[in-house]
Amino acid sequence: MLSLNNIHVTFNAGTPTEVRALSDINLKIADGEFVTVIGSNGAGKSTLLSVVVGTVKPERGSVHLDGEDVTAWSPHRRAMHVGRVFQEPRLGTCSSLSIEENLALAAARGKSRGLKGALGTRQNRKWLADQVAKLEIGLEDRMTQPVGTLSGGQRQAISLLMATLLPMKILVLDEHTAALDPGAAAKVLALSTEIAETRKLTTLMVTHSMRDALAVGHRTIMMDSGRIVLDFTEEERAKLTVQDLSSLFGRAIGKQLDDDKMMLA
Amino acid sequence: MSLFAFAGALESGLLFSLVALGVFLSFRVLDFPDLTVDGSFPLGAAVAAAALASGVDPFLATGLAIVAGWGAGLVTALLNVRFGIMNLLSGILTMVALFSINLRIMGGPNVPLYNVDTVFDVAQSWFNFGLWTNTVLIAIVAFAAKFLVDWFLKTELGLALRASGENPAMAEAQGIAVGRMALVGMAISNGLVALAGALFAQLQGVADVSMGIGTIVTGLAALIIGEAILGRRMVFVATLGCIVGALVYRLFIALSLSAGFIGIQPQDLNLVTAIVVAIAVVLSKGRAQRNRRRAGMTPRRAPAAKRAG
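Which chain is which? The protein sequence lines are F and U, in order.
Per the UniProt record's numbering: the first sequence = residues 1 to 265.
Per the UniProt record's numbering: the second sequence = residues 1 to 309.
Don't read these hints as lab results, they were simulated from the structure.
Mixed in with the good hints there might be a few duds.
Said to hold, decoys possible - Computed cross-link-like contacts, DSS-like style, restricted to lysine-lysine with a CA-CA straight-line distance of at most 25 Å:
id, chain 1, residue 1, chain 2, residue 2
1, U, LYS154, F, LYS116
2, U, LYS154, F, LYS111
3, F, LYS134, F, LYS187
4, U, LYS154, F, LYS126
These figures come from a predicted structure and were not determined experimentally.
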């Protein structure tokens, strides 16, 4: 169970550029629940994820993971339980390192890193290749190739694998398909849901696409101006169309939505 | 160029390849522009010389110099990681502080080493290649350092260090304490530089407080020339480039001085260095663009190593 309690985040506090990024966020996500997060630009979606992974410290409030208070934990410590896929494919992997070296980095997560060879035994390398084979994108024969030579979609698939390689609790997806072409985006999204499903991962996915938000996962929350304004359970969601969602959102925040602020499709 | 001058250029080239390896670790692997080098080079010289002068075994004295270099690197990294001081300024602060510390260690501006046995004297009793004995010993040290760096960057720790330098956000997301990696890398980097300083003092027969001036430029010049010649795609090529670059640089300097062509004199050295570095940067930029273009078509091939010369 992941719970955010009374989270407040302000950027540039006390200066003319002060921004209330999150105000009084309360969110409980059950184990294995897949939550999609939507909202216009600047609504606080990314800040919400940053609070979960620990790169932004809330000025008030607390983050609990399975009852344990992890608010003060550094991001690299939280990485033991929280896996993250970035929006920008280049951010999630190291370009100059090979596919297997990137995976070896992920495989050592939460362990102390010493002077053993990073790739380990032949058996270990085989295991890494087997994990890549499960992605079914044909990269298992190219394990020694630098990640920088892969396409954006391939890199995101590797990022996703790295985020979930070891047993962990929370998967955080930050618009991880937004920088991909439609074909690759669909494939990476399908891969994400499949991994989250089979591993029963608690997942938070930010998306710009209302259709994806409704089609994927179990629950959808909508954010605006640093608050959660709508929260739909699986049953409520099932009856909604993209149009319904759009007008409900408009009513919730008291204004009509700009089409260019959020993609309807 | 006389044979003696040639041997001297080889010696100092191989010696400065240790500095280039250190600079490679900080500037390239960690992405930390570290100016501590101008202080840690004479620090190594000062520690080794002071230890030798008080009768310590030459190899132990050189080892102590390496440890002192680790300390200098740690201080710079701590100033940056712990106290949030900008990386360039952290290095400058340590460098400035080391000037005083080096004077303290040596008890004066210099320590002559004429009446003590250095590692080179000891090596002379193991093997004797006449004029080339020193060169052979430094070559052994330089290549040992190169292979150690190659090995280290393939370990779990080394890989984590490379990831923190190249992509801190990703490293953090993979549970790597990025700040701690900077500490480790900077210590190793300055240890190598201090080793170079210790050997340089023993080679010259004197440690001098001002011998560090321009070390960083020489190290960078060697690194960049090496990259221009060999490329930097793979670790073992990049580290080889440090050695090749340092050799080419020192030979070029020796050649321009001894030939006396276009009237180059010792006081023009810094100008020559600046020109050499500028040319090397321009050359390596052209290569990077060509590589990028080629990478679009045949991503598998790594042409960098083949284009030597």
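Results of checking the hints against the structure:
1. Taken as a hint, the LYS154(U) and LYS116(F) pair is honoured in the structure, with Cα atoms around 9 Å apart against an allowance of 25 Å.
2. Between LYS154(U) and LYS111(F) the alpha-carbon distance is near 17 Å, which keeps this suggested pair within the 25 Å criterion.
3. Simply put, LYS134(F) and LYS187(F) have alpha-carbon atoms about 14 Å apart, close enough for the 25 Å limit, and the pair holds.
4. Under the criterion of a C-alpha separation no larger than 25 Å, the hint pairing LYS154(U) with LYS126(F) is consistent with the structure, at around 18 Å.
Every hint from the earlier list agrees with this structure, and none is contradicted.
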